[in-house]
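Asks: Build the full structure now, drawing on both the sequences and the hints.
Number of protein chains: 6
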Amino acid sequence: MPTYHIEMMEGRTLEQKKQLVEAITRVSVEVLGGSPESVDILITDVKRENWATGGVLWSEKK
Amino acid sequence: MPTYHIEMMEGRTLEQKKQLVEAITRVSVEVLGGSPESVDILITDVKRENWATGGVLWSEKK
Amino acid sequence: MPTYHIEMMEGRTLEQKKQLVEAITRVSVEVLGGSPESVDILITDVKRENWATGGVLWSEKK
Amino acid sequence: MPTYHIEMMEGRTLEQKKQLVEAITRVSVEVLGGSPESVDILITDVKRENWATGGVLWSEKK
Amino acid sequence: MPTYHIEMMEGRTLEQKKQLVEAITRVSVEVLGGSPESVDILITDVKRENWATGGVLWSEKK
Amino acid sequence: MPTYHIEMMEGRTLEQKKQLVEAITRVSVEVLGGSPESVDILITDVKRENWATGGVLWSEKK
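Chains as they are written, first to last, in the UniProt record's numbering: chain F, 1 to 62; chain H, 1 to 62; chain V, 1 to 62; chain U, 1 to 62; chain C, 1 to 62; chain B, 1 to 62.
By construction, these hints were calculated from the structure, which means they are not laboratory data. Some clues are possibly wrong.
Subject to a maximum C-alpha distance of 20 Å in a straight line, what follows is the list of computed PhoX-like cross-link-like pairs (lysine-lysine) [claimed, not checked]: (1) H:Lys61 x F:Lys18; (2) H:Lys47 x F:Lys47; (3) H:Lys47 x F:Lys18; (4) F:Lys47 x U:Lys47; (5) B:Lys62 x B:Lys47; (6) H:Lys62 x H:Lys47; (7) C:Lys47 x V:Lys47; (8) F:Lys61 x U:Lys18; (9) C:Lys47 x B:Lys47; (10) C:Lys61 x B:Lys18; (11) V:Lys47 x B:Lys47.
Just a few of them, taken from the derived set where beta-carbon distance is under 7 Å, the chain B residues facing chain F [what the hints assert, rightly or not]: (12) Pro2; (13) Thr3; (14) Tyr4; (15) His5; (16) Ile6; (17) Glu7; (18) Met8; (19) Gln16; (20) Leu20; (21) Ala23; (22) Val27; (23) Val31; (24) Ser35.
In this text, all values refer to a predicted model and were calculated from it rather than measured experimentally. For each residue, glycine too, the CB sits at the ideal point set by N, CA and C.
Replies: And the structure:
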């Protein structure tokens, strides 16, 4: 039942997403127990123009 | 003032979204009180490659 | 698989929450299809000092 | 370390986003302290067909 | 209609929250337009044992 | 910069949280690259009366 939301900069490959959800699910079950089927993971691909750190959008950083 | 966020797999029609927000708003007002105008609903259409259950992305499930 | 997050002002009774999740799940299945078991709903009880509208916290509104 | 999520109707310009994250970061540091670099802001551009108020999607409002 | 969610470490005073939501609402209206009444802000006070950076919970950092 | 939000039923120990954020950070860096310091993880402990599956709150399930 644990539900993971992952926000990351856009541009990751499908292969990376596959590996990531497999690994997150594995460690989640190892630490928290429960079945893999109870783990949901939702990924948000964030555009560089929609994420700012230090007051500057990542699309504008040099 | 209740605010609903709905995450669902992409592919639902505009007609389904219209019916869903109408129905959610109705039952929200019935149970919680308040006016329909105080109910906000935000929908997120999630791509199959961005949702995993059991460690497998839905885009990869057979 | 649709996942609902509901943010509402704290103070609702357990009975209201029971009715609300039952009703939301029912209309969700009616409009989107799928089984009731695939519907997850998470409620956040928000304190009045943690919600502002118009620049004023609800705990401070007269 | 404060993290801001901003949901707003799609259509805002890059210039508005730049100004907004600069201003939010500035007031955040003024009120909460900490360094600008510790402030993260994530923007979600919401389509009019994915936001409802009063039970009606904004794409359907006259 | 813009909706802000702010996650910050617990321990901020009511006075800081009042100043923060006033300032966020003001800059939001200046940059995006709309009325102050259309701006909603929700604050989440996060416990130090529920926020990690670099793989370490803030409650465990020396 | 990836940011993880984990919603899980309340009751997990501090030890489990420590192990979980360590492991999530490790696999995140392995798959996505970047430094551990760029990984933020926020945990939400959800009360059983605030999570429903199949239209029934977990506090009410037999």
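Asks: Taking the hints in turn, state whether each one holds.
Replies: Now for the hints, and whether the structure bears them out:
| no. | hint | verdict |
| --- | --- | --- |
| 1 | H:Lys61 x F:Lys18 | holds, 11 Å |
| 2 | H:Lys47 x F:Lys47 | holds, 15 Å |
| 3 | H:Lys47 x F:Lys18 | holds, 14 Å |
| 4 | F:Lys47 x U:Lys47 | holds, 15 Å |
| 5 | B:Lys62 x B:Lys47 | holds, 16 Å |
| 6 | H:Lys62 x H:Lys47 | holds, 16 Å |
| 7 | C:Lys47 x V:Lys47 | holds, 15 Å |
| 8 | F:Lys61 x U:Lys18 | holds, 11 Å |
| 9 | C:Lys47 x B:Lys47 | holds, 15 Å |
| 10 | C:Lys61 x B:Lys18 | holds, 11 Å |
| 11 | V:Lys47 x B:Lys47 | holds, 15 Å |
| 12 | Pro2 | holds, 4 Å |
| 13 | Thr3 | holds, 5 Å |
| 14 | Tyr4 | holds, 6 Å |
| 15 | His5 | holds, 4 Å |
| 16 | Ile6 | holds, 6 Å |
| 17 | Glu7 | holds, 5 Å |
| 18 | Met8 | holds, 4 Å |
| 19 | Gln16 | holds, 6 Å |
| 20 | Leu20 | holds, 5 Å |
| 21 | Ala23 | holds, 4 Å |
| 22 | Val27 | holds, 4 Å |
| 23 | Val31 | holds, 5 Å |
| 24 | Ser35 | violated, 14 Å |
The structure does not agree with numbered hint 24 stated previously, though it agrees with all others.
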